[in-house]
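Q: Okay, so the sequence shown: first residue is 1 according to this note's numbering, each after it adds one.
Treat each hint with caution, since some may be false.
[To be verified] Computed cross-link-like contacts, EDC-like style, restricted to lysine to aspartate or glutamate with a CA-CA straight-line distance of at most 16 Å:
| hint | residue 1 | residue 2 |
| --- | --- | --- |
| 1 | 212 | 200 |
| 2 | 282 | 295 |
| 3 | 135 | 245 |
| 4 | 282 | 297 |
Simulated from the structure, these hints should not be mistaken for lab results. Only a predicted model underlies this, so the values are computations on that prediction, with no experimental measurement involved.
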Amino acid sequence: MGLDLNKVYNRSTKGSILFVVILLGLPLVFSTNNYLLSTLIMIGFYTIVSTGLTLLMGYAGQISLGQAAFYGIGAYTSAYFTTHFGLSPWLAMMVGAVIAAMVAFIIGIPAFRLREHYLALATLGFGVIVFTFFKEWKEITGGLNGFFGIPPISLFGITIQTDFQFYYLVWIFALIGILFARNIVQSRIGRALLSIHGSEVAANSLGVNITKYKLQMFMISAIYAAVAGSLYAHYVTFINPQLFEMITSIYFLIMVVIGGTGNVWGGLIGAAVYVCLGELLKEIVPLFIPNASGEFEIVFFGILLVIILIYMPNGLSHSISKIVKRVLPAWRRKNESMLVSENENASSIGGERL
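With the hints as extra help, turn the sequences into a complete structure.
A: Encoded structure:
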């Protein structure tokens, strides 16, 4: 029997297992290439943040420009509690997630009274305030000098220090995050979120508590970002406020738009495209402009964002889905015709023998 690729693609167990096997097998193939492993690890960090933001944007219909703030809250909380209080990185990560959720709750209550662009501006202002806090409260964050000496994570007595080890850790978190997001989308909460995204007036008339669901998604997206920030802090063992400035939130937004807001896999696709293109630009741009600065990266992704919004408003995940749905039926018909011809040949050979 041939492999039914249509089932593999469309949320089947085979498809999930195939993806996980490929993902877990990559470090075994590229175990000596630290550059590639570190790139894949960064994709994992951004996948976690983008998956949470996809839930907020694609299903609750809310734009947030403050995800870098939650990313930083997770990183600094984990760094501070592990270095100053000797807390386990795992407990510190949980503390960071709780603090991020509490901050999102406090910010979300007044922010969700706003509509459309005003909400985005409110989250942008929140991100600027938190960035200023990171920069100025030197007793806690170290200011622009940075926060040094963050301990690595240990698991079952094994200190996770190499890229090979950290790859599996971050992608386990990323896959759990995607699975959790899929469960939310396919649940009653997901249907309520889709009704809110479609029409708040209609959802409200049906008795859907709009503010409650929006606030929940905002808190969940904050937890996603905080967990990614904690993992990042223990991976690099050094952080500074510039990692969590406003432009980082914009990059997270670009990842989600590139991947597609209407698909939980869009965060992974957008993160992979963003990181790979960013690394490619670092190699190509200096060949044409030797003294080029990092501003060219901002310009490039700004242009890419406009192109995606015009020609692929639903993101790459939707476009890939359409292509696969067109290609697979033809592949299946070809596969079935080959199987039929093989059976006919086998029958004819058996008849001749008789």
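Q: So which of those numbered hints doesn't the model satisfy?
A: Every hint satisfied by this model.
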